[in-house]
Amino acid sequence: MRVALRAPHLYQSLRAFCLAAFAVERGAEVPFAFEEHPTRDGPSLYEYRPLVRGFLEGQAPSLRRLPDARNAIDDLRGEPAAAIFAHAHAGLGDSRDDALFRTILLPTLAAVAERCGGFDWHDDAFDAAYAEIERSLFGTARSYAAVAPLVGLSAGAAVELGADIRVRAAVPGEVASLWPEALGLMPPEFGRDVDRLCVLELARELDASEGEPPDAAGELADAVTALRLATAGAIAAGPVVFERLDFRPLRVSPLLPIAATQPRGEATRLDAVRGRLAADLRERLTLADSDRSLAEALDRWELSLFAEEPFRSGQVHDALDALLGGGDGPWAAALRAAVLLGEKGKARAELLETLRAERAGRRARDAVRRALVETLLHGDRQGLVHALDETLLGLRPRPATVLAASAA
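One point on numbering: in the working numbering, the residue at position 95 of the sequence shown is 158, and numbering is uninterrupted.
Any given hint might turn out to be false.
In the DMTMM-like style, the derived pairs of lysine to aspartate or glutamate whose C-alpha atoms are separated by at most 20 Å in a straight line are [as the list claims (entries may be wrong)]: (1) Lys409 to Asp429; (2) Lys407 to Asp452; (3) Lys407 to Glu371; (4) Lys409 to Asp452; (5) Lys407 to Glu453.
Don't read these hints as lab results, they were simulated from the structure.
The whole structure should be built from the sequences, with the hints applied where relevant.
Here you go:
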């Protein structure tokens, strides 16, 4: 095929690198993976997949030392559009040059080898792979996506969580096609169990001038927190995030441990109503950036999901104190939460007794979760504390709540 070149010097240097690498690897036997694609309603499908990328990763040190690799990297350093690939690996210990090698040179070589079916050179295979590089580097926009496996949650349809984040069904092979080594990075039984069929995805169009990828690990971790708050389910994502740019592998990033660890409890189902609630909560989690007490309450509640007694009860009580104590201590926090969550006097009295108990049982833990939800949706934690005090004094009705109070 013929390509209209935007950067002839880059075409020549990348071609020279690939030719040199093919000369080194000619005759090499590329391993294959016997890959299983589970299906929900029928037998599994199986596929032989050549592990070209994994094979080349093993040869990377020797390929990196090729003179043609040095020349290609020098040309890439002169292209501002290539900066995003280097920045993607800045926090992983790679130098800028190493990052360009691993995110552009090595994937380009792998794409050529896959099209050639090995290391017998075909010009058309290189031209097709290079055309994708030019579209990525010199296009007006870039298609970025980050995907993390999701466990503890099922959904009948895609659910939008805002900020280009969604929960959707996993597509068989979508990760393995770009990361053949991904099988060892997926949660156990992913793709088989009903609560392990979805992914959490951040998909965003980036301006061509953007030199850094989004903080997908941080954004998806916030989405996990919002889902836990909205559903009370034992939800986790990861343990890694697979990031791609223009359908090319960009990096594999670790998700924050608190989001990647599945808490004890039951799986849950996400419907449209709770999806909207999770979207609202995800957006309002930024309130914790300027409210240290709210941030502490969120952290301690989420840590309580993983703690054993007596530490779990301690985290729950401390979370409630940070949230609604207002400097007046745990008793005041429990009283305010009882008024916030209880519809009538009897329900409030029972909630107060539950929240003041030395051991925080399931009902107390869920009450703190609901109090966090109400506080985030109210938008002003200190203002809510003041309003609850006025309710206790009979000066105003109870503040409006979003979640239905329950005595269960």
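Next on the checklist: Hint check: Lys407 vs Glu453, CA-CA at most 20 Å. Holds or violated?
Outcome noted: Holds, because 17 Å separates the two Cα atoms, which is no more than 20 Å.
Checklist entry - Has the given pair, Lys409 with Asp429, been kept, meaning a C-alpha gap of at most 20 Å? => result Holds. Lys409 to Asp429 sits at ~18 Å (cutoff 20 Å).
Checklist entry - Is Lys407 close enough to Glu371, meaning Cα to Cα at most 20 Å? => result It is violated: about 33 Å lies between the C-alpha atoms, which goes past 20 Å.
Checklist entry - Is it true that the CA of Lys409 sits at most 20 Å from the CA of Asp452? => result holds (19 Å)
Next on the checklist: Just to be careful, I want the Cα atoms of Lys407 and Asp452 compared with a cutoff of 20 Å; is the pair within it?
Outcome noted: Answer holds: Lys407 to Asp452 is near 16 Å, not above 20 Å.
In summary, the structure is inconsistent with hint 3 from the numbered list given earlier, while agreeing with all the others.
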